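Chains as they are written, first to last, in this note's numbering: chain A, 1 to 329; chain B, 330 to 517.
Errors might be hidden in some of the hints.
Unchecked claim - Here are the simulated DSSO-like pairs of lysine-lysine, each with C-alpha atoms no more than 30 Å apart in a straight line: (1) B:Lys339 with A:Lys315; (2) B:Lys386 with A:Lys226; (3) B:Lys339 with A:Lys278; (4) B:Lys485 with A:Lys315; (5) A:Lys278 with B:Lys386; (6) A:Lys315 with B:Lys386; (7) A:Lys278 with B:Lys371.
Read the hints as simulated data drawn from the structure, not as lab findings.
All figures in this text were calculated on a predicted structure; none of them were measured in a lab.
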Amino acid sequence: MTDIRGADDWQPTATIETLRARAQLMAKIRAFFAARDVLEVETPILGHGGSTDPHLDSLALEAITPDGHERLWLQTSPEFHMKRLLAVGSGPIFQLARSFRDGEVGRRHNIEFTMLEWYRPGLSLAGLIDECDALIRHVLPIDPGPLRQRRYRDLFRETLDVDPFTTSLAILRQRGAEIGGLSMTDADRDGCLDLLMSFAIEPLLGREGIDVVVDYPASQAALARKHRDPEDGAEVASRFEIYLHGIELANGYDELTDAAEQAVRFADDNRQRQALGKPTVDIDHRLVAALESGMPPASGVALGVDRLIQLALMKDSIAEVMAFPTPRC
Amino acid sequence: MANYSTNEFKGGLKVMLDGDPCNILENEFVKPGKGQAFSRVKLRNLNTGRVWERTFKSGESLEGADVMDLDMEYVYSDGDMWHFMKTDGSFEQYAVDKKAIGDVEKWLKEQAVYTVTLWNDNAIAVSPPNFLELEVVETDPGLKGDTAQGGSKPAKLSSGATVRVPLFINQGEILKIDTRSGEYVSRA
Numbered sequence: 001m002t003d004i005r006g007a008d009d010w011q012p013t014a015t016i017e018t019l020r021a022r023a024q025l026m027a028k029i030r031a032f033f034a035a036r037d038v039l040e041v042e043t044p045i046l047g048h049g050g051s052t053d054p055h056l057d058s059l060a061l062e063a064i065t066p067d068g069h070e071r072l073w074l075q076t077s078p079e080f081h082m083k084r085l086l087a088v089g090s091g092p093i094f095q096l097a098r099s100f101r102d103g104e105v106g107r108r109h110n111i112e113f114t115m116l117e118w119y120r121p122g123l124s125l126a127g128l129i130d131e132c133d134a135l136i137r138h139v140l141p142i143d144p145g146p147l148r149q150r151r152y153r154d155l156f157r158e159t160l161d162v163d164p165f166t167t168s169l170a171i172l173r174q175r176g177a178e179i180g181g182l183s184m185t186d187a188d189r190d191g192c193l194d195l196l197m198s199f200a201i202e203p204l205l206g207r208e209g210i211d212v213v214v215d216y217p218a219s220q221a222a223l224a225r226k227h228r229d230p231e232d233g234a235e236v237a238s239r240f241e242i243y244l245h246g247i248e249l250a251n252g253y254d255e256l257t258d259a260a261e262q263a264v265r266f267a268d269d270n271r272q273r274q275a276l277g278k279p280t281v282d283i284d285h286r287l288v289a290a291l292e293s294g295m296p297p298a299s300g301v302a303l304g305v306d307r308l309i310q311l312a313l314m315k316d317s318i319a320e321v322m323a324f325p326t327p328r329c
Numbered sequence: 330m331a332n333y334s335t336n337e338f339k340g341g342l343k344v345m346l347d348g349d350p351c352n353i354l355e356n357e358f359v360k361p362g363k364g365q366a367f368s369r370v371k372l373r374n375l376n377t378g379r380v381w382e383r384t385f386k387s388g389e390s391l392e393g394a395d396v397m398d399l400d401m402e403y404v405y406s407d408g409d410m411w412h413f414m415k416t417d418g419s420f421e422q423y424a425v426d427k428k429a430i431g432d433v434e435k436w437l438k439e440q441a442v443y444t445v446t447l448w449n450d451n452a453i454a455v456s457p458p459n460f461l462e463l464e465v466v467e468t469d470p471g472l473k474g475d476t477a478q479g480g481s482k483p484a485k486l487s488s489g490a491t492v493r494v495p496l497f498i499n500q501g502e503i504l505k506i507d508t509r510s511g512e513y514v515s516r517a
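Could you put the whole structure together from the sequences, leaning on the hints where they help?
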């Protein structure tokens, strides 16, 4: 032991052998999109606007730009810049982008990570799910098993015997408290659903194949469109998440293209942030302007590359596939 | 004491939970796709030694516990209490009760240095050094020539602990013992 910080933890957490395998997997991902004529793009990590998502915390920094001292935000995903390319007719695009989420460090999280994000103008959400499935099979060395679509609502009914849309908040809080072992008396509906999803449902997903969860509650639409559940007309988000071995791998949307609705969601998010006692985030007005000028209907998905590599190489933690995770950077 | 928020939770942090001082062992960050984050925390209750698993919403906080680990030399036992003395030259002594001494009772050796955990200046736990040199006070006679592999036998040590030792060990010998596993390491 020594008092000099870093003297005993300067070495990488991934072996050179793992980094070599990682490089090969990255090349495979690029080859997949090249074969499908999807254009690789590079957009800035910094932006004048940041993600307003109430449950993501953005990092910001001060920069000296031609406009003087400005606050710039580190992206939580490359979504906003990529949508601005779609709005000028880029066609299908993908990016392997460094993204940043403050406070997120764990076995499956790192503040700085690599996001694979791609957009397909004119492709349906179902079409994009098929493409995700093909990519995952292309990258993984062994067959992950069949793909199953699971409705968010059915998962809650089957696993917990509650309906996420109709069961009373009191009962959701009670189930959350039982399962999480914490007081849920002041939790809202989404807070309860998030807890039940993370603790009771997620660990069961992707055990026999690739599980795709669809039809999320409308309140969790983020930047996705919404549609009606044919069962009873409940509003649901046109969104999917892909799980494999209990790990959430990807999050896809039928992208919101309505500028006015986008502006409303940004403002709502910031109000929610204030209610949670979090700082508000500067809104990306250029994204709203791009949507106003007209973004083609598109589906898009963000996939955590480090997690996919973790699964491909059968590693227990994300740190094992990164040279230097946040605690060692 | 300061308050610590879930993102400051890490192994070794001492916090108050349900009125007891606890040592955080592990903090697992759990977060669904786009939703709220939680911390699943393993803590050791320093009063009872039990390990608790609790979940906290991200951003919740716990009060820090006024817990200190100090090096102290074991001095003597009066039958009810075990007495330790600070090694900083102050000769200040702390009495440790049966509950706080726990299993460590069988690893006590005068003048050896232990880590004594104080909470609000009361001793609540004692941990022995990783290795201790202790005398064999009782064991079957050693087998001559058997210095290689093969077989072990119980030996009672001067501190009261019984450990498995190789067959060649004799009564009166001083052995190096790993107190974490309770295993024989070598002759001292």
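Here is what the structure says about each hint:
1. B:Lys339 with A:Lys315: The given pair, whose Cα atoms are some 22 Å apart, holds under the 30 Å limit.
2. B:Lys386 with A:Lys226: 28 Å, holds
3. B:Lys339 with A:Lys278: It holds: about 23 Å lies between the C-alpha atoms, which stays within 30 Å.
4. B:Lys485 with A:Lys315: 44 Å, violated
5. A:Lys278 with B:Lys386: 14 Å, holds
6. A:Lys315 with B:Lys386: 27 Å, holds
7. A:Lys278 with B:Lys371: 27 Å, holds
Hint 4 from the earlier list is the only one contradicted by this structure; the remaining hints agree with it.
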